[in-house]
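S.K.: Spelled out, the chains give:
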Amino acid sequence: MTTVENSRRQLAQLIRKIEEGEEFSYYTKRILSRTIGITGSGGVGKSTLITRLIQHYREKRKKVAVVATDPSSPFSGGALLGDRIRMQRFATDPNVFIKSVASRGKQGGIALSTGAIASALSESKYDPIIIETLGIGQDEIDVSKLVDTSIVMFSPRTGDQIQAMKAGIMEIGDIFVVNKADMPAADAMAAQLTKEISESGRRVEIIKTIATTGEGIDKLLEAIEKHQKLIDAVGKKKESAVYQIESILRDKIYCYIKESLQKKNYWDKAIKDIINGESIAEIIKQLV
Amino acid sequence: MRKLRIIVAKAGLDGHDRGAKVVSRALRDAGFEVIYTGLRQSPEQIVSTAIDEGADFIGISILSGAHMIVAEKIIRILKKRNAADIPVFMGGIIPDSDIPDLKKIGIKAVFGPGTPTSKTITYLKNYHENDNS
Ligand code: B12
Ligand SMILES: Nc1nc2c(ncn2[C@@H]2O[C@H](COP(=O)(O)OP(=O)(O)OP(=O)(O)O)[C@@H](O)[C@H]2O)c(=O)[nH]1
Ligand SMILES: [Mg+2]
Numbered sequence: 001m002t003t004v005e006n007s008r009r010q011l012a013q014l015i016r017k018i019e020e021g022e023e024f025s026y027y028t029k030r031i032l033s034r035t036i037g038i039t040g041s042g043g044v045g046k047s048t049l050i051t052r053l054i055q056h057y058r059e060k061r062k063k064v065a066v067v068a069t070d071p072s073s074p075f076s077g078g079a080l081l082g083d084r085i086r087m088q089r090f091a092t093d094p095n096v097f098i099k100s101v102a103s104r105g106k107q108g109g110i111a112l113s114t115g116a117i118a119s120a121l122s123e124s125k126y127d128p129i130i131i132e133t134l135g136i137g138q139d140e141i142d143v144s145k146l147v148d149t150s151i152v153m154f155s156p157r158t159g160d161q162i163q164a165m166k167a168g169i170m171e172i173g174d175i176f177v178v179n180k181a182d183m184p185a186a187d188a189m190a191a192q193l194t195k196e197i198s199e200s201g202r203r204v205e206i207i208k209t210i211a212t213t214g215e216g217i218d219k220l221l222e223a224i225e226k227h228q229k230l231i232d233a234v235g236k237k238k239e240s241a242v243y244q245i246e247s248i249l250r251d252k253i254y255c256y257i258k259e260s261l262q263k264k265n266y267w268d269k270a271i272k273d274i275i276n277g278e279s280i281a282e283i284i285k286q287l288v
Numbered sequence: 001m002r003k004l005r006i007i008v009a010k011a012g013l014d015g016h017d018r019g020a021k022v023v024s025r026a027l028r029d030a031g032f033e034v035i036y037t038g039l040r041q042s043p044e045q046i047v048s049t050a051i052d053e054g055a056d057f058i059g060i061s062i063l064s065g066a067h068m069i070v071a072e073k074i075i076r077i078l079k080k081r082n083a084a085d086i087p088v089f090m091g092g093i094i095p096d097s098d099i100p101d102l103k104k105i106g107i108k109a110v111f112g113p114g115t116p117t118s119k120t121i122t123y124l125k126n127y128h129e130n131d132n133s
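As given, the protein sequences belong to chains X and Y, one line each in that order. So the first sequence is numbered by the numbering used here: it starts at 1 and just counts up by one. So the second sequence is numbered by the numbering used here: it starts at 1 and just counts up by one.
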């Protein structure tokens with residue numbers, strides 16, 4: 001047993017504690033490493049693309065970390081975390097750290113602990129840190145508040161969903177990727193995105209990739225590099241720390257109110273009253 | 001309450017993944033966080049994954065007949081990496097006559113075909129409670 005392995009296990013155990021809401025200081029620590037967020041609907045190729053990014057950063061001799069999110073079941077609280085299946089060839093690389101996290105009831109596409117886990121990884125000199133959101137296709141926009149560079153992925157199949165996504169996902173993203181460019185409708189998809197973006201007045205690069213073969217990845221890396229230079233020039237955004245603190249605060253306050261109401265048995269009574277047809281607005285007024 | 005996290009892995013060239021998927025889903029529905037590694041994992045990959053993911057258990061699904069070699073390697077690497085406290089369980093096609101030897105190596109329990117998933121779940125939950133009390 002070497003000390004390197006020992007400290008890796010220590011890091012893993014620290015991250016596990018963070019995940020369970022312990023080690024609170026990490027929830028408010030700044031993330032000094034560069035962070036890249038990848039979001040997009042289920043199956044667009046987020047994990048496959050990430051393996052390409054890992055490969056690139058390893059060739060550049062960087063220590064890379066990935067924090068990948070999958071949804072928790074709202075019924076059992078359990079989760080099936082499968083993002084790392086595609087990344088397993090890096091499982092034994094001492095300079096790659098992959099952590100799977102379950103959303104645990106948090107909305108917005110990443111877990112409450114994601115930012116805190118990233119700060120622990122940053123402290124251990126993993127740089128860059130890549131964050132994969134869950135892909136259920138609804139408002140997975142929180143990642144853009146947390147990371148330096150956020151990439152929104154589309155595939156030709158998501159084409160007809162753009163209208164619906166306009167309000168959320170179309171408003172975020174420093175780079176748009178149209179993945180699965182080997183499929184026929186990719187050009188039409190890219191054209192539609194170009195149109196949407198020019199109408200919105202935002203400046204977003206649109207890049208076509210085939211994550212499975214690596215085609216287009218060089219262009220994507222160029223765009224990431226360009227965007228990170230921009231960040232270097234203006235400094236990391238403050239929004240990231242604000243987001244971390246705000247989301248943890250919201251959670252703490254909710255838990256505090258719920259717990260104190262439960263202690264006084266108000267909670268069960270309120271639920272019973274609501275079931276019995278009492279107005280929810282009225283109950284909330286009474287509770288708070 | 002602390003969530004229970006388990007690695008479910010398929011070792012070696014064994015392509016039978018039905019059982020692993022059935023067990024993974026059942027564990028998820030029982031409130032576990034299941035990290036499924038997919039097929040063709042080496043013992044090194046399985047151990048590294050368990051360490052990095054902060055797993056409470058390692059579950060190996062194996063129907064190829066290579067269970068003895070795989071078990072021996074995984075336990076050895078866990079010891080070498082100072083992580084022998086992570087308990088290892090196995091399932092799949094494993095002859096009863098091999099179970100005592102697997103336990104001697106350090107495998108905590110074996111769940112063969114037809115084991116109701118509820119039995120596996122109860123066992124894992126009890127194991128965790130007793131281990132931590
Ligand atoms: C379906 C099947 C296949 C399918 C697999 C489909 C798939 N994607 O899974 C196909 C047709 C592809 C296949 C191929 C082969 N098969 Co086949 N196959 C079977 C069969 C009929 C059923 C397996 C199954 O799915 N069972 C249903 C699941 C739910 O049960 P299970 O896996 O046992 O899991 C349960 C428990 O074991 C336990 N469990 C399992 N994993 C885990 C993990 C944990 C952590 C826990 C807690 C519990 C647990 O819980 C589950 C629920 O109770 C078995 C025979 C049998 N009766 O088992 C042969 C069998 C496994 N196959 C066999 C063979 C030889 C092969 C081939 C080599 C045949 C060939 N010559 O080509 C190939 C090899 C393919 C490969 N790459 O590995 C042999 C293995 C012999 C051995 N071990 O010595 C068997 C036993 C048949 C036999 N009697 O000869 N096979
Ligand atoms: N044809 C084609 N298939 C691809 C491409 N990129 C990924 N895929 C396939 O798409 C499927 C889903 O890929 P993943 O990388 O798991 O997608 P994901 O976005 O991470 O999925 P979730 O995490 O479940 O949301 C896999 O079968 C990939 O092999 C591509 O460029 N072209
Ligand atoms: Mg994925």
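A portion of the hints provided could be inaccurate.
Here are some chain X residues the structure puts well away from chain Y; computed CB gaps all over 12 angstroms [what the hints assert, rightly or not]:
| # | residue |
| --- | --- |
| 1 | Leu14 |
| 2 | Gly42 |
| 3 | Tyr57 |
| 4 | Ser73 |
| 5 | Val234 |
| 6 | Val242 |
| 7 | Lys258 |
| 8 | Ile274 |
Output of the computed footprint for chain X on chain Y, the stretches with three or more beta carbons under 8 angstroms from beta carbons of chain X [stated by the list, open to error]:
| # | stretch |
| --- | --- |
| 9 | 17 to 29 |
| 10 | 34 to 47 |
| 11 | 78 to 91 |
| 12 | 109 to 121 |
Think of the hints as simulated: they come from the structure by calculation, not from any bench. The model shown is predicted, which means the values in this text are computed figures rather than measured ones. All residues carry an ideal CB built from backbone N, CA and C; glycine is no exception.
S.K.: Find the nearest Cβ of chain Y to the Cβ of leucine 14 of chain X and say whether that gap is larger than 12 angstroms.
M.R.: violated (9 angstroms)
S.K.: Please count how many residues of the stretch 17 to 29 of chain Y have a CB within 8 angstroms of a CB from chain X and say whether that reaches 3.
M.R.: holds (count 5)
S.K.: Are all beta-carbon distances from isoleucine 274 of chain X to chain Y longer than 12 angstroms?
M.R.: holds (26 angstroms)
S.K.: Can the stretch 109 to 121 of chain Y be counted as covered by chain X under the rule of three residues or more with Cβ-Cβ separation shorter than 8 angstroms?
M.R.: violated (count 0)
S.K.: Examine the stretch 78 to 91 of chain Y for residues whose CB is less than 8 angstroms from any CB of chain X, and state whether their number is three or more.
M.R.: holds (count 4)
S.K.: Is it correct that the beta-carbon of serine 73 of chain X has no partner in chain Y closer than or equal to 12 angstroms?
M.R.: At about 6 angstroms from chain Y, serine 73 of chain X fails to clear the 12 angstroms cut-off, so the statement is violated.
S.K.: Measuring Cβ to Cβ, find out whether lysine 258 of chain X lies farther than 12 angstroms from everything in chain Y.
M.R.: holds (15 angstroms)
S.K.: Should the label of valine 234 of chain X as a non-interface residue stand, given a Cβ cut-off of 12 angstroms to chain Y?
M.R.: Valine 234 of chain X clear of chain Y: closest Cβ-Cβ about 34 angstroms, beyond 12 angstroms.
S.K.: Using a Cβ cutoff of 8 angstroms, are there at least 3 residues of the stretch 34 to 47 of chain Y near chain X, or does the coverage claim fail?
M.R.: holds (count 9)
S.K.: Please settle this one: glycine 42 of chain X was flagged as non-interface, so is its CB more than 12 angstroms from every CB on chain Y?
M.R.: holds (16 angstroms)
S.K.: Verify this label for me: valine 242 of chain X is non-interface relative to chain Y, using a Cβ-Cβ cutoff of 12 angstroms.
M.R.: Given a closest Cβ separation of 28 angstroms, the condition holds.
S.K.: Please settle this one: tyrosine 57 of chain X was flagged as non-interface, so is its CB more than 12 angstroms from every CB on chain Y?
M.R.: Since the minimum Cβ distance to chain Y is about 17 angstroms, tyrosine 57 of chain X lies beyond 12 angstroms and the statement holds.
Against the hints set out earlier in the document, violations occur for numbers 1, 4, 12.
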